[in-house]
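Student: Okay, here's what each chain looks like letter by letter:
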Amino acid sequence: AQSVTQLDSQVPVFEEAPVELRCNYSSSVSVYLFWYVQYPNQGLQLLLKYLSGSTLVKGINGFEAEFNKSQTSFHLRKPSVHISDTAEYFCALGAGNNRKLIWGLGTSLAVNP
Amino acid sequence: GAGVSQSPSNKVTEKGKDVELRCDPISGHTALYWYRQRLGQGLEFLIYFQGNSAPDKSGLPSDRFSAERTGESVSTLTIQRTQQEDSAVYLCASSSSTGIYGYTFGSGTRLTVV
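Those protein sequence lines, which keep their order, are chains W and X.
Each residue of the first sequence is one higher than the one before, starting from 4 at the first, in this note's numbering.
Each residue of the second sequence is one higher than the one before, starting from 3 at the first, in this note's numbering.
Don't take each hint at face value.
[Unchecked claim] Below, in silico cross-link-like pairs of lysine-lysine (BS3-like), each with a Cα-Cα straight-line distance of 30 angstroms or less:
{"id": "1", "chain 1": "X", "residue 1": "K13", "chain 2": "W", "residue 2": "K72"}
{"id": "2", "chain 1": "X", "residue 1": "K59", "chain 2": "W", "residue 2": "K52"}
{"id": "3", "chain 1": "W", "residue 1": "K103", "chain 2": "W", "residue 2": "K61"}
It should be emphasised that the hints constitute simulated quantities derived from the structure, not laboratory data.
Use the sequences and the hints to build the structure in full.
Tutor: Following this line, the structure appears as structure tokens:
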């Protein structure tokens, strides 16, 4: 069975500071991984995905994530956040032929001036 | 269509009434998913369609919940005899048959049972 753990439920940060949102996973088969963002009162939007190949993936809005197989992690980073990055961030995992993604519980990022 | 469309965007209903929520997926997406998101919570899987069959309906919380899909297009989630605990945002997503490229979500239907 697969699982996804987002280690921080809330992350407060000041504007222009760097941020890392942590995601760890568990799977006995090969995985593909996603980060989604949910702005207030909106649906989820794909930020970036790792399917295979380069372990550093870049997404929209200046975010990037690194797939680390040995650490079973897929942490999301941004070097300098904006107020507009305030949102809920979800990490999700797909594995093998299972089309149903496994979701983390989300991390609420609050960017303060 | 260009994106996943859900309707209505908001629905207020009285306890005990039935409601229907609609999802129109991206054209060509064979897979369709329904999720529930309670206030401040994560995503709760409800049901998954591949074409018009539902290989996984394990997340439907009770027999008051049902869903159907016409071919590879519109899906309807029906909640009968609504209860206050059904209040939530219901999200629909669609994907290619494998889902490997991720899901595209609609904006959701906010259901309030009073």
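Student: Would you mind confirming whether the straight-line C-alpha gap from K13(X) to K72(W) stays at or under 30 angstroms?
Tutor: With Cα atoms ~44 angstroms apart, K13(X) and K72(W) exceed 30 angstroms; violated.
Student: Between K59(X) and K52(W), does the CA-CA distance stay at or below 30 angstroms?
Tutor: holds (26 angstroms)
Student: Next pair to validate is K103(W) with K61(W); report whether the Cα-Cα distance is within 30 angstroms.
Tutor: Within the cut-off at roughly 24 angstroms; holds.
Checked against the numbered hints given earlier, the structure breaks only hint 1 and satisfies all the rest.
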